[in-house]
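Enquirer: Each protein sequence line maps, in turn, to chains A and V.
Numbering (the numbering used here) for the first sequence: 1 to 412.
Numbering (the numbering used here) for the second sequence: 413 to 824.
Each hint should be verified, as a subset may be incorrect.
[As the list claims (entries may be wrong)] Over the 10 angstroms line for every Cβ pair with chain A, so calculated as not near, a few chain V residues: (1) 418; (2) 500; (3) 604; (4) 638; (5) 678; (6) 681; (7) 694; (8) 718; (9) 727; (10) 747; (11) 813.
[As the list claims (entries may be wrong)] Under 10 angstroms between C-beta atoms, here's a sample of chain A residues computed to sit facing chain V: (12) 6; (13) 56; (14) 66; (15) 105; (16) 110; (17) 130; (18) 254; (19) 272; (20) 273; (21) 302; (22) 353.
Calculated from the structure, these hints are not laboratory results.
Keep in mind the model is a prediction, meaning the values are calculated, not measured.
Just so it is clear, CB atoms sit at the ideal spot from N, CA and C, and this is done for glycine as well.
Chain residues, written in single-letter form:
There are 2 protein chains.
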Amino acid sequence: MDWMFAERTTSARRSVIRELLKLTERPEIISFAGGLPDPQTFPREFLAKVAADEILNNSAKSLQYTTTEGKLPLREPLSRWFAQDGMNFPPDQIVVTSAAQQGLDLVAKVFLNPGDAVFVALPTYIGAIQAFQAFQATLVGVPMEDDGMDLGALRAAVRSTRKAGHTPKLVYVVPDFQNPSGHTWSRGKRLELLEIAREEDLLVVEDMPYRWLRFVGEPIPPVAALDKEGRTILLFTFSKIFAPGLRLGALAGPKQVVEKVVTLKQATDLCTSSLNQRLAIRFLQEYDVAGHIQFIADLYRKKCSAMLEALARHMPAEERIRWTKPEGGLFLWVELPQGINTEKMLYRAIEHKVAYVIGAPFFVDGSGHNTLRLSFSSASCQDIEEGIRRLGQVVREELAALPAPQGTGNKG
Amino acid sequence: MDWMFAERTTSARRSVIRELLKLTERPEIISFAGGLPDPQTFPREFLAKVAADEILNNSAKSLQYTTTEGKLPLREPLSRWFAQDGMNFPPDQIVVTSAAQQGLDLVAKVFLNPGDAVFVALPTYIGAIQAFQAFQATLVGVPMEDDGMDLGALRAAVRSTRKAGHTPKLVYVVPDFQNPSGHTWSRGKRLELLEIAREEDLLVVEDMPYRWLRFVGEPIPPVAALDKEGRTILLFTFSKIFAPGLRLGALAGPKQVVEKVVTLKQATDLCTSSLNQRLAIRFLQEYDVAGHIQFIADLYRKKCSAMLEALARHMPAEERIRWTKPEGGLFLWVELPQGINTEKMLYRAIEHKVAYVIGAPFFVDGSGHNTLRLSFSSASCQDIEEGIRRLGQVVREELAALPAPQGTGNKG
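So that you can see chain A by itself, here it is in the shape it has in the complex (with noise of 0.2 angstroms):
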């Protein structure tokens, strides 16, 4: 039969990345592959206490329908937390979402006509990707740097894209340990970020699922605590300080934004589970939170050193071959001389045993094929020895494959 589906999904591409995952679940992989959270990191005892209580003691709250912008006894602690960052959204500014994912395409959905830009890190989240394109967004990638985007190439892209006829309207940032790079972005970028999208009348739209995962250095004020203006819109997850699989997260912006959005959640899914609201709830009110999360930063600088030092010391010398330190998140970033196809490669890297994650799909300019993504969080320190080893192997392998030799190792 000849489907009239709509114009959209021409546009919507499923993750290639998720179909390449396929090939490195087999168990003798040591996988850098997904980007799951460590499982240890899940608080189990005190879940399966609070789930049992909710069900039998408060059935009418946590088995029932329940508002579409979300409990208020979860979004008043989520906005004393924002608070506690700087970030000044009370608690009917805060809408409870199905996790971070929701969040983006909600926000697409509230913002974006068809052709309208949204400007994108080169590399950046595939999620958002597809939750832009989605919406037949217009996705336009602006350089990365070590200490965020390069905003002279952000000025100059609004500028020739609102010339070539499209409105610019949101600018997608993950100030904090990027996924995928695990860049931070500077006090002073965030503040000129703000500036530019008070010049362009931009939206900002800032995604922090790593945020309080920083396990080096001091935090940074996020972009929505900079700003004076209210031109943010912050995308909040319990997806890695909690448990995936519960699906919940909060969007926080402008009152009339928050209206909107709360609409058309309503005509997208009526509301986010109660059950799990519920848990949110139990887990902020009398779980030790504070201690929770330096748990899971303790852990992850732990294996993010261990990845670092076994990168160090396994993976070819050569100025070509650089890999981001990341500050905090569940990330590093690799790049590989130009002419090296991580795609390619991992068919051999599967040979050898280990995975992770192919660059390209993070680019929405087409480029980054000598890229690759790293997660630390799952593997053991064990493992991750052992399969940066194997990597560096196979990127020896690759090395010694490339058609002619690029030079002496001085210019990258």
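Chain A is already provided as a structure; the job is to place chain V on it using the hints.
Expert: For chain V alone, coordinates are given in the frame of chain A:
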């Protein structure tokens, strides 16, 4: 600030009903307004036990991310369940959704370009109206008869809509105990609907939240079971037979359609809650589901009978006052004489400490101001008797306040 919202936000509306519901929440009011399942139908003890067990002993599956299409051990028993009812959807033609409302959102997202036509009953489920409006559908209302849509009117509407330049795409139906009318489609009309769909190249979206809750008469095969051609998309939900707070359902349909739905679901929320999926898996594996559904149907049969008896006793005897006699589900539907506006009447009802849902928002053609929906699912039989007595009084006062006598009741 002047937010540049997407065009679709101008057609997206928050439900008036939800705003009016706030008026009805005072404890002294007997409310037939909300469409909430009776909380005594939630299998609390079982759920508490398996939730604790899944969280403690199966956290890799219950608390971690899961696949976008949903867990296979959930799609498999759903496939078998559908098969028992004559519907042939193998597991790879089923996607787990965050309840049926997300199914509606995804169908709209996959099929609708702005202006595309969706045919709905007069009246129809408001959540469907919202989902389709959010994607700028042209909603075309088709009169409802006791045994289903007026299919002559549907044929005419499809043709005139096409002539007007809109592409007819979907017919949305709730064939069993429709929300809000309580009507059930005859087998003949189900077959004729498929014939029209084939002739006019339409897809049927069959929403069946209440199908399993039949308490009178024999089941009629679902449209999806009568469909030999694969033109039906089925929306299933656990909300009325398990617990709505889990936000769990499924969409089943032709393979190509389901593939598109999965692609767009990935962009929408990555996946539906793993924990809640695991709870449903255990429910289907270990609970006496058939017995449980029988228990719910018995409960609602009693309540529905109580309401029908109370209506016969307390409503003014007037031919222009009519109500449906549903064979299942949660709702019945009342038509009052033209000239009575049930929205205005609601304030009088609240004075009399009884509440209902006004009918007009269920009509996409602006009609229905003399109608209202009564839910018999949550009130006790005692409250049903007293609440309908109050409603009878309200209607009597409204009749008395009508500007001029409207005849002797010989003409409706």
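Enquirer: Could you run down the list of hints and mark each one as holding or not?
Expert: Structure-based check of all given hints:
For residue 418 of chain V, the condition that its CB be more than 10 angstroms from all CB atoms of chain A is violated, with the nearest at approximately 5 angstroms. The claim that residue 500 of chain V is not at the interface with chain A holds, since no C-beta of that chain comes within 10 angstroms of its own (minimum 16 angstroms). With a minimum CB-CB distance of about 20 angstroms to chain A, residue 604 of chain V clears the 10 angstroms threshold, and the non-interface call stands. Consistency note on residue 638 of chain V: stated as away from chain A, and its beta-carbon is indeed over 10 angstroms from all of that chain's, at 17 angstroms minimum.
Against chain A, the non-interface label of residue 678 of chain V is violated: not every CB pair exceeds 10 angstroms, the least being about 6 angstroms. Distance check on residue 681 of chain V: its Cβ comes as close as 5 angstroms (rounded) to a Cβ of chain A, failing to clear the 10 angstroms threshold; non-interface status is violated. With a minimum CB-CB distance of about 13 angstroms to chain A, residue 694 of chain V clears the 10 angstroms threshold, and the non-interface call stands. Annotated as non-interface, residue 718 of chain V keeps its C-beta farther than 10 angstroms from every C-beta of chain A; the closest such distance is 22 angstroms.
Once the 10 angstroms rule is applied to beta carbons, residue 727 of chain V is consistent with being away from chain A; the minimum gap is 29 angstroms. Every beta carbon of chain A lies more than 10 angstroms from that of residue 747 of chain V, the smallest distance being close to 27 angstroms; the non-interface claim holds. Chain A leaves residue 813 of chain V outside its interface by the beta-carbon criterion, the shortest separation being 34 angstroms against a cut-off of 10 angstroms. Checking residue 6 of chain A against chain V by beta carbon gives a least distance of about 5 angstroms; that is within 10 angstroms, so the hint holds.
Hint status for residue 56 of chain A relative to chain V: holds, with the closest Cβ pair at about 5 angstroms, below 10 angstroms. For residue 66 of chain A, the suggested interface contact is upheld, since its CB lies about 7 angstroms from the closest CB of chain V, less than 10 angstroms. Hint on residue 105 of chain A holds. Least Cβ distance to chain V is approximately 5 angstroms, under the 10 angstroms limit. Residue-level restraint check for residue 110 of chain A holds (minimum Cβ-Cβ distance to chain V is 6 angstroms; threshold 10 angstroms).
Hint status for residue 130 of chain A relative to chain V: holds, with the closest Cβ pair at about 4 angstroms, below 10 angstroms. Satisfaction of the interface hint for residue 254 of chain A is found here, the shortest Cβ-Cβ separation to chain V being roughly 7 angstroms, below the 10 angstroms cut-off. Evaluation of the residue 272 of chain A hint against chain V yields a held restraint, the C-beta minimum of about 7 angstroms falling below 10 angstroms. The restraint placing residue 273 of chain A at the interface with chain V holds, with a minimum CB-CB distance near 5 angstroms, inside the 10 angstroms limit.
Nearest Cβ of chain V to the Cβ of residue 302 of chain A: about 21 angstroms, over the 10 angstroms cut. The hint is violated. Because the closest C-beta pair between residue 353 of chain A and chain V is about 21 angstroms apart, greater than 10 angstroms, the hint is violated.
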